[in-house]
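For this one, chain A is given, so just place chains B and C on it according to the hints.
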Amino acid sequence: MPGSDPPGHPGRTIVVAFIVRRVIAAVLMLAVVSMATFAIFFLIPRALGQTPEGMASRYVGRDATPEAIQGAVKRLHLDDPLIVQYGRFAKGIVAGEDYSLGPKKAECPAPCFGFSFNNNQPVWPTLVDRLPATLSLALGAAVLWLVTGVSIGVVSALKRGSVLDRAAMTVALAGVSLPIYFTGLVSLSVFAYTLGIFPGGGSYTPITENPVMWFQALVLPWITLAFLYAALYARLTRAGMLETMGEDYIRTARAKGLKESTVVTKHALRATLTPILTIFGLDLGLLLGGAVLTESTFSIQGVGKLVIDAIRGNDLPVVLGVTLFAAFFIVLANLIVDILYAVVDPRVRLS
Amino acid sequence: MRKTNALALAALGTVLTMGLAACGGTAGGGGNTSSGNNATGDAASAAKHNDAYTKVVNPSDAKGGTLKYALSDEPDSMDPGNTYYAWNWNFSRLYSRPLMTYTAQPGEAGLKLVPDLAEAPGEVSADGKTWTYKLKKGIKYDDGTEVKAADVKYAIARSNFTDELTDGPKYFAQYLDSGDYKGPYKDKDLNNFKGVETPDDYTVVFKLKAPFSEFDFLAANPQSAPVPQAKDTGVDYEKAVVSTGPYKFESHEVGKQLNLVRNTNWDPATDSVRKQLPDRIEVQFKQNAEDIDNRLIAGQIQVDLAGTGLQSAGRAKIVNDAKLKDSTDNPFTPFNRYAMISTKVKPFDNIDCRKAVQYATDKVATQAPWGGPLGGEIGTTAMTPTTVGYKAFDLYPNGADHKGDLAKAKEALAACGQPNGFEANVAVRGDRTKEVQVAEALQASLDRVGIKLTIKKYPSGDWSAQYAGKPDFVHKNNLGIMIAGWGADWPSGFGFLSQIVDGRFIKASGNYNMMELNDPSVNELLDKGIQTTDATARNEIWAQVDQKVMESAAFMPFVYEKTLIFRPSNLTNVYVHPAWGMYDYTWLGVKQ
Amino acid sequence: MTSPAPEAFLELRDLRIHFPTEDGLVKSVDGLSYKLERGKTLGIVGESGSGKSVTSLGILGLHKGGRAKISGEIWLDGEELVGASADHVRTLRGKKMAMIFQDPLSAMHPYYSVGAQIVEAYRIHHKVSKAVARKHAIDMLGRVGIPQPDRRVDDFPHQFSGGMRQRAMIAMALSCDPELLIADEPTTALDVTVQAQILDLMTDLQREFNSALIIITHDLGVVAELSDDILVMYGGKCVEYGSAEDIFYRPEHPYTWGLLGSMPRLDREPTERLLPIKGTPPSLINVPSGCAFNPRCVYADRTEGKSTSQVPELLETEGGHLVRCHLPRTERRSIWDNEIKPMMEST
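Residue numbers (my numbering), protein chains in the order written: chain A, 1 to 351; chain B, 1001 to 1592; chain C, 2001 to 2347.
If we strip away everything but chain A, and leave its shape as in the complex, we get:
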């Protein structure tokens, strides 16, 4: 009916209500994630017959006396009922907690994700410390792969079947199949150790310390990480573009007398990019929770490197912290993607 439809763009109240609803859902989800992670690391070992002492023995030296192990049990509260342990963890996030590190109590202000079992550092400051490296890596790589992946995909689709298309898709297949660990080490070996163009592994420097070094050290990790994603995005874009170019509205656009370049950029690309934008948001959100392989390969002390080491070392507070951190980014990315989607595609409503 004429005029009865609400306007296509989301109104402010709709957006606010949507965000509020989603934030509540997100908090609930994070709680569930934390419980699940907690259960994996605490409940399951207990169910399998692990004693508090057995668990504590992981976090003390090899020759620890029974007293030392008991001390660790007490210090880490491993002998409390699980629900109490979880409650303490949850309370720590909201209200902070004190820890015994020796002669004095150490304060861990909210949000306190506890202290690492392995090196006794508070988890939250560690996370905050590792985030800029991950952000630098993920955002830089994201820009790179989005630009290259999409352009290659578009060109490939428009020149479908050409030598260019075949070459690009072969490289893309390689990019998707080759593990980052391999491409990373090869690129280091060639560009850092043989040609000496870029610095080697472990040379990440915060941008606040030395922007030039920051950039140089990140070029190879960016390219390595972006290579994988660019390959994926090129394939996605190509497929999406081919589909879009067959749409009726593209024919309509041409029938109007539009130049082909306008047809591609204004009509085809916009429709192709919308689903890619969704995937992009989720990929980026996932990466902000840690680009585990790239960070490990290039020895970048980011969130991903932190969590992989924590998992290896059974360092529950760190694992929990990073899991929640990563879940937060994924939820955030989802939220942003949903809002953006509604802005980009007028058919989508926030509800």
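Be aware that one or more of the hints could be misleading.
[To be verified] In the DSBU-like style, the derived pairs of lysine-lysine whose C-alpha atoms are separated by at most 35 Å in a straight line are:
hint: 1; chain 1: B; residue 1: Lys1182; chain 2: A; residue 2: Lys104
hint: 2; chain 1: A; residue 1: Lys105; chain 2: B; residue 2: Lys1170
hint: 3; chain 1: A; residue 1: Lys104; chain 2: B; residue 2: Lys1134
hint: 4; chain 1: B; residue 1: Lys1239; chain 2: A; residue 2: Lys104
hint: 5; chain 1: A; residue 1: Lys104; chain 2: B; residue 2: Lys1403
hint: 6; chain 1: B; residue 1: Lys1231; chain 2: B; residue 2: Lys1256
hint: 7; chain 1: A; residue 1: Lys91; chain 2: B; residue 2: Lys1207
hint: 8; chain 1: B; residue 1: Lys1194; chain 2: A; residue 2: Lys104
hint: 9; chain 1: A; residue 1: Lys104; chain 2: B; residue 2: Lys1048
hint: 10; chain 1: C; residue 1: Lys2095; chain 2: A; residue 2: Lys259
hint: 11; chain 1: A; residue 1: Lys266; chain 2: C; residue 2: Lys2130
hint: 12; chain 1: A; residue 1: Lys105; chain 2: B; residue 2: Lys1317
FYI, nobody ran anything at the bench for these hints, they're computed from the structure.
Just chains B and C, lined up with the frame of chain A:
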């Protein structure tokens, strides 16, 4: 037992190192004590494979530059009182001085202890239960204050008697007569710690429960390095350790980066072992292990701090390049890799069945998983060649080529009453690839004489607490053979053997004497040895213990572990210190 | 080489549009010729796949740069388009000739407002400001009968009803006063009352602009009242051509008979077919030998075997009425008069 870098070890490949020619020349530790100080000329270009094993390569007293270390893991702690890593006992000497330490020399000479913070080795009382050390005067912390005897006492108290500092060994707690002392964090009055007395500011007296003639080795542990009580922040102390060595903490981001700079309050006149060459020392933690090798070879870093050697890819590069190989050394680590054959599980309770295993094993096959000759030398004794008191012998010669003496094995089987062989289980840490491969090689070996092995895999995390280290479990599950390894906390026969062969150390859980050998003569010899103050006589006794243990046929060594470590050409003053089987980190310099 | 320019406003001469595919050559349009004058309406009728849409896309030059192999001539207002450059034909599109597509939900871009899409079409050919173009778009929407066009101009296609969307589509096509308007199934997706409104609208607008109009449909009913001439396509070829009267009162091709028999009528059940056309449309790769329609033709046995061996010619039967059939003319007349017509009238 010392920790090694388990990850690095697990990553060492075997495929690539198969078929390597043995790199001989230095087996047995060598006795060459030539010091690099006397060497002249450009040693860098002339240095050959294993040169740093017997002499100082790239000798130089040139100061300056930044020396870069990298570690694939993160340390348990950089606090000298709270660490169990061999590399850290070596490295921490850059900023902490224990009472005693090892002579700065390659080869056997390096195993000799020399006083460090102390003026002289410990003076032992007639009853062997009191050890007294006099401190050198004028030794200062990096803030200029003088080191006091009470700081040594405090260091022992915090590292051995607190619930918080759990990462290091607890030998002082074990041997000192300190009653039920609660430790300095619960009991603020240090006078209640009776195990150590400080009659004056320069005298430290240790009171032992029983005679212990190797106490100087304990005093060489970095736990005896002084810590001022006022500066102690417990677990956090590793963030800002107060230095007595040539370097001090500039910054330490735990698990990330440690930067050391020169300590101007260190007086070289008081120090016979250390040098102070680089201006700055940087350590990066948690670096990609394979990338560390590449950076070493490219000269971008100088040392892989863990000292456990190159990864498989790096090794492959080395063995294919003679020039690169000249930049490597292949020292023994303190580790012996072996199988323990249970004396309680049938039919191994019969010594002849154990002997059958000793004869039938193809030790070339069991050497391969460790990386062939570069990864370890075939072993025939319980002690390793770099242990004080080691004597070479072979009670179960299994053929000139070490591939097994099947005739002797069958004889032994007949003597055991199992002429056609039998079925048995071999337990192994399932997540340790190399040990699993060793078990498989053993399986194939013994199959030749009819001993059918079933491989049982257990997780390494609870290996000693729940599985192989729990005799009840071993008996119930008929674990006849267990694949294990051991490295001594100090390089003497006692340090190596006591935990794994003393029948009185068989524990219900966390047991390392998995073979459950309880031979009174072994136990007595250990007691006799540790009470013998004369070092030569004492070392003779350790050799006898080794002999006795091997006679039981319950201990079957595979290899004395070796590593392949890389020395970049810009690393100066390099030699392998035998106490750790890695470069002496207090000597290294860097070419600018 | 092209022959001299014809007098007619639009003339197709032996147009062939073939698509090479992995399975073989698809002959979508295979030798099509016709003429159309300004102010006149041509109905092109045929099943899907008969080549009617491909032909009109060919006229618009939308196959250029693609895989299609095009031969023959398309003359529009004295200009030959098959040989013309793609860029030149593009400048004619939208302005000189425009097309109304079927299913406007998919034919309009879902992300742009209806107004924006009309504005875009207008501004390609007119150097005017956005505001002016917008005013024009509102005008056009008003003229095609969209109520409150100044409000609806910013709506998105999905916010329009089906009929409104079709009107908007027409407004877009007419925004530059095209001289040739091609409507491809303009009413397929609409219900009957709306269909009539849209068809009325198109003829009104055609009269107003004096454009030439081609209506493409599979439904003879749609073109019955609007068309001056009707062209029946089958298998990429014209099988019958004539005035609307010829086709409705004197049809001579068995396929046309089938189409007429399928016309929905108010006095019949919509699904009931008096003269069902059996079988399926022919493959355009392996065209049946002889007459492409022969496998489906009830009267094929009356052609003395020519039906499967010879391709029939398109021959004039009388006064501009062309038929492509092997049946003798008398036979065709007799079948229509004595067999088909009475059957259609009896129900």
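These are the hints, each one checked on the structure:
no.	hint	verdict
1	B:Lys1182 to A:Lys104	holds (16 Å)
2	A:Lys105 to B:Lys1170	holds (24 Å)
3	A:Lys104 to B:Lys1134	holds (32 Å)
4	B:Lys1239 to A:Lys104	holds (15 Å)
5	A:Lys104 to B:Lys1403	violated (60 Å)
6	B:Lys1231 to B:Lys1256	holds (23 Å)
7	A:Lys91 to B:Lys1207	violated (47 Å)
8	B:Lys1194 to A:Lys104	holds (23 Å)
9	A:Lys104 to B:Lys1048	violated (53 Å)
10	C:Lys2095 to A:Lys259	holds (14 Å)
11	A:Lys266 to C:Lys2130	holds (17 Å)
12	A:Lys105 to B:Lys1317	violated (50 Å)
When each numbered hint is compared with the structure, violations occur for hints 5, 7, 9 and 12.
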